[in-house]
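Chain V is already provided as a structure; the job is to place chain U on it using the hints.
Residue numbers (my numbering), protein chains in the order written: chain V, 310 to 476; chain U, 3 to 368.
Source of the hints: derived by calculation from the structure; they are not laboratory data. These numbers come from a predicted model, not from an experiment. Ideal placement from N, C-alpha and C gives every residue a C-beta, glycine not left out. Some hints here could point you the wrong way.
What the hints assert, rightly or not - Reference excerpt, derived from the structure (chain V facing chain U, CB under 7 Å, subset only):
1) PHE327
2) TYR331
3) PRO332
4) VAL335
5) LYS340
6) GLN345
7) GLN353
8) LEU357
9) HIS440
10) TYR445
11) GLU467
12) THR468
Residue strings, one per chain:
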Amino acid sequence: MPKPPAPGAVRPDLEQVFRASYPRVVAVAAKVLGCQNEAEDVAQEVFLAFGRSSVPAGAAAGWLSVAAAHTALNHIRAGRRRADREEAARDDGLVAPDVADTVVASEDRRRVRAALARLPRRQAVALVLRHSGLSYAEVAAALDLSPGSVGTTIRRAETALREELES
Amino acid sequence: MPHPTDGTLRRLLDEPVGVADVDRAHVAGCPGCLSRLAATQQDAAVASAALQIETAADLDAGWQRLSHAVTAERTRRAVSSAGSGARRRPAGWRMAWRSPIVAVAGVVALLAGAGTAAATNWLQIFHTERIAPVTAPQADLISMPDLSDFGELVVTEPVDVRPVADAAAAAQATGLAVPQVSELPRGVTGEPQYHVSGRVSAVFTFSAEQTARTAAAAGETVPPPPPGLDGSQFRLVAGPGFAAFWSQDRPVPALVVARAGAPTAQSSGVPFDAARDYLLSLPILPENVATQLRGFSADGTTLPLFMSAEKLTSSTADVNGMPATVFASRAGTMAGVVWVDDGTVSAVAGSLSSDEVLSVARNLRW
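Chain V on its own, in the form it takes in the complex (with noise of 0.2 Å):
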């Protein structure tokens, strides 16, 4: 049975895990943030808590991945830091240069957030982690759900996305 690391200690294979997966992590916070720079805050918070856990290797990519799409969610729901984010969407050079351009783009994404923090967050952590590149099977195994059932969490999240956008 794995022990959880004693007091101020960190799990040995906390590395090795980070090179393997943070590229996915921050990519999976971004997905719901529209920022890469608070996707690697998040990031940072989310392999701090892993470093203090006792996940099994094994499961590591599946924990970290549904850890940054509630973290990020988090971020959002918590209602803090929107202006800094807003702020860092201009500056990360991740939107288009032309101011037009980019009051249009943070518009977008600031809808974005704000329709995944509506969505049930089963849903919401379904969508990131589809849209993120995780098979049906991994969804299903990381959310508790059954694989069958993933599908239908995913097209009632995109139905509700589309509305959210539209309305």
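Same frame as chain V, but now just chain U:
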């Protein structure tokens, strides 16, 4: 044959091999299903575009930053376990404060506390005699403010969880009676692992300025606080406590039996009902949470237990004559029961049914 479900059509787009041949054949020849498939594809494309973002993660820079954070955290823990008196909250405190058990001692003990403290000495304004569930959508619970949004929190005795060898050691470390489980539920085996924590305490200093800043960040303005509240202090104490875990490396332990000194709050002299009414009136708390707290905050003895409305249901029961709150996940994957007896909170929970946790709770051997 019946038309495939929406979920099956959705999977057909991503993983056609995961869809039964008979369903694929049906869709290919069914105009209705082809039209549903086209709508599904359109929504999937909208979602894909909406979530599209290129990221280029810098692995080395990321690892360097994490290493620094880990080192800093370790240093803070080392400092904090050296026991050098009052200090700022350590890393993870905010999370600990938000965790289901500890969160109840925070903003909540303050908001639920009552009574008028006329003296200048510390006066007990809140002590736990019973527990009541506060149910709210998870989004509201996540957006609950914590104490640092209203002032400064100085941890005087930090959370310090450590493993101990057995029940006798847990009893000795906490001064609490450690009950034995008479009969383990089906599927739960082996010996438990015991963890203990000493007393946890913190002093909170209310700041009108910090409260105004928090409100401003949420796009709200707040009325000036009642006289005497700005700068007034509250002392929050909980523990010591222990928890016995069976199969603790699983995401949800098979069974947990835990007891801890119930949270109390003390005021340095501000009329507490005025402070409580003020905090409950702020537009920062989700309204449904504030309403539930107002409902039972007058007596200063009921500890709210926050529950996500989406995830948990709650009901009442009794454990050997004491009123108890039973909570169960809607998915049926876990349940727990919590009750208060003479200043101690006890809980039994696990990946069990409500009946099973109640049975364990009622048959504990003291």
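Consistency of the hints with the structure:
1. Because the beta carbon of V/PHE327 sits about 6 Å from the nearest beta carbon in chain U, less than 7 Å, this interface hint is met.
2. Given the 7 Å rule on beta carbons, the hint for V/TYR331 holds: about 5 Å separates it from the nearest Cβ of chain U.
3. Checking V/PRO332 against chain U: minimum C-beta separation of about 4 Å stays under 7 Å; hint holds.
4. Contact between V/VAL335 and chain U, as hinted, is supported at the beta carbon level, the nearest pair being about 4 Å apart and thus within 7 Å.
5. The restraint placing V/LYS340 at the interface with chain U holds, with a minimum CB-CB distance near 4 Å, inside the 7 Å limit.
6. For V/GLN345, the shortest C-beta to C-beta distance to chain U is roughly 5 Å, which falls under 7 Å, so the interface hint holds.
7. This hint holds: V/GLN353 has a C-beta 6 Å from the nearest C-beta of chain U, less than the 7 Å allowed.
8. Hint status for V/LEU357 relative to chain U: holds, with the closest Cβ pair at about 6 Å, below 7 Å.
9. At about 5 Å, the closest approach between the beta carbon of V/HIS440 and any beta carbon in chain U falls short of 7 Å, and the interface hint on this residue holds.
10. Because the beta carbon of V/TYR445 sits about 6 Å from the nearest beta carbon in chain U, less than 7 Å, this interface hint is met.
11. Nearest Cβ of chain U to the Cβ of V/GLU467: about 4 Å, under the 7 Å cut. The hint holds.
12. With its C-beta approaching chain U no nearer than about 6 Å, V/THR468 sits inside the 7 Å limit, and its interface hint holds.
Hint violations for this structure: none, all hints satisfied.
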